[in-house]
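*Asks:* Build the full structure now, drawing on both the sequences and the hints.
Okay, so the sequence shown: first residue is 17 according to our numbering, each after it adds one.
Don't take every hint at face value.
[Unchecked claim] Straight-line C-alpha distance at most 20 Å; calculated EDC-like pairs for lysine to aspartate or glutamate:
1) Lys-38 / Glu-51
2) Lys-90 / Asp-71
3) Lys-38 / Glu-101
4) Lys-26 / Asp-80
5) Lys-74 / Asp-59
6) Lys-38 / Asp-88
7) Lys-26 / Glu-101
8) Lys-90 / Asp-80
9) Lys-38 / Asp-80
10) Lys-26 / Glu-51
11) Lys-26 / Glu-36
12) Lys-90 / Glu-77
13) Lys-26 / Glu-77
[Unchecked claim] Listed next, with one range per pair, are the computed distances between beta-carbon atoms:
14) His-18 / Tyr-84: 31 to 37 Å
15) Val-113 / Asp-32: 36 to 42 Å
16) Ser-27 / Asp-93: 30 to 36 Å
17) Gln-31 / Ser-75: 19 to 25 Å
18) Trp-76 / Ser-27: 18 to 24 Å
19) Gln-31 / Asp-73: 34 to 40 Å
20) Val-113 / Gln-31: 32 to 38 Å
21) Val-113 / Asp-88: 24 to 30 Å
22) Met-108 / Lys-26: 24 to 30 Å
23) Ala-29 / Ser-75: 18 to 24 Å
24) Thr-57 / Pro-94: 18 to 24 Å
Because the hints were derived from the structure by calculation, they are not lab data. For every residue, glycine included, the Cβ atom is placed at its ideal position computed from N, Cα and C.
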Amino acid sequence: MHQLRVYTIKSGALQDWISEWKSSVAPLRHQFGFEVVDAWTSDEPERFIWILRYDGDKSWEEADADYYNSADRKALDPDPARHIERTEIYLMREVRV
17 MHQLRVYTIK SGALQDWISE WKSSVAPLRH QFGFEVVDAW TSDEPERFIW ILRYDGDKSW
77 EEADADYYNS ADRKALDPDP ARHIERTEIY LMREVRV
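*Replies:* Given below as structure tokens:
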């Protein structure tokens, strides 16, 4: 299963977000069995768009909860989410052509 995440980043914080995402969020997601398929940015407004994939034994909800409830995620200080102004999240299922 895949998930599309669209974050509107606070004005002027996009580069800080990307740096923290690369150094902490993405590697930690990987530790919990997620794959970052790819990531993009847009400038007006500052958005960070990424796709996650999870094919483990747990449901998406269980794996996601394990990530957010982990001591490692809770230990991220400062929390990288402080850069996010708005979040849109969509679970996606592949449509085969």
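*Asks:* State for each hint whether it applies.
*Replies:* Evaluation of the provided hints:
Note on Lys-38 and Glu-51: the hinted pairing holds, with a Cα-Cα distance of about 13 Å set against a maximum of 20 Å. With a C-alpha separation of about 24 Å, the suggested pairing of Lys-90 with Asp-71 is violated against the 20 Å cut-off. Among the hinted pairs, Lys-38 with Glu-101 is consistent with the structure: their alpha-carbon atoms are about 19 Å apart, no more than 20 Å. Under the criterion of a C-alpha separation no larger than 20 Å, the hint pairing Lys-26 with Asp-80 is inconsistent with the structure, at around 24 Å.
Restraint check: the Cα-Cα separation between Lys-74 and Asp-59 comes to about 36 Å, which exceeds 20 Å; the hinted pair is violated. Restraint check: the Cα-Cα separation between Lys-38 and Asp-88 comes to about 15 Å, which is no more than 20 Å; the hinted pair holds. Our distance criterion of 20 Å between C-alpha atoms is met by Lys-26 and Glu-101, whose separation comes to about 5 Å. A threshold of 20 Å between alpha carbons decides the hint, and for Lys-90 with Asp-80 the separation of about 13 Å falls inside it, so the pair holds.
Under the criterion of a C-alpha separation no larger than 20 Å, the hint pairing Lys-38 with Asp-80 is consistent with the structure, at around 18 Å. At most 20 Å may separate the alpha-carbon atoms for a hinted pair to count; Lys-26 and Glu-51 exceed this at roughly 25 Å. For the proposed pair Lys-26 and Glu-36, the alpha carbon gap of about 14 Å is at most 20 Å, so the pair holds. Between Lys-90 and Glu-77 the alpha-carbon distance is near 18 Å, which keeps this suggested pair within the 20 Å criterion.
Our distance criterion of 20 Å between C-alpha atoms is broken by Lys-26 and Glu-77, whose separation comes to about 27 Å. In this structure the supplied range 31 to 37 Å is violated for His-18 paired with Tyr-84, their Cβ-Cβ distance being about 18 Å. With their beta carbons about 39 Å apart, Val-113 and Asp-32 fall inside the hinted range of 36 to 42 Å. For the hinted restraint 30 to 36 Å between Ser-27 and Asp-93, the CB-CB distance of approximately 23 Å leaves it violated.
At about 35 Å, the CB distance of Gln-31 to Ser-75 disagrees with the hint of 19 to 25 Å. At roughly 31 Å, the beta-carbon separation of Trp-76 and Ser-27 lies outside the given 18 to 24 Å, and the hint is violated. The beta-carbon spacing between Gln-31 and Asp-73, approximately 37 Å, falls within the hinted interval of 34 to 40 Å. Checked against the hint of 32 to 38 Å, the C-beta distance between Val-113 and Gln-31 comes to roughly 37 Å, which is consistent with it.
For the pair Val-113 and Asp-88, the beta carbons lie near 38 Å from each other, so the given range of 24 to 30 Å is not met. Range check, Met-108 to Lys-26: about 26 Å between beta-carbon atoms, so the 24 to 30 Å window is met. The beta-carbon spacing between Ala-29 and Ser-75, approximately 32 Å, falls outside the hinted interval of 18 to 24 Å. Distance hint check for Thr-57 and Pro-94: the Cβ-Cβ separation is about 21 Å, which falls inside the suggested range of 18 to 24 Å.
Going through the hint list in order, the structure does not satisfy hints 2, 4, 5, 10, 13, 14, 16, 17, 18, 21, 23.
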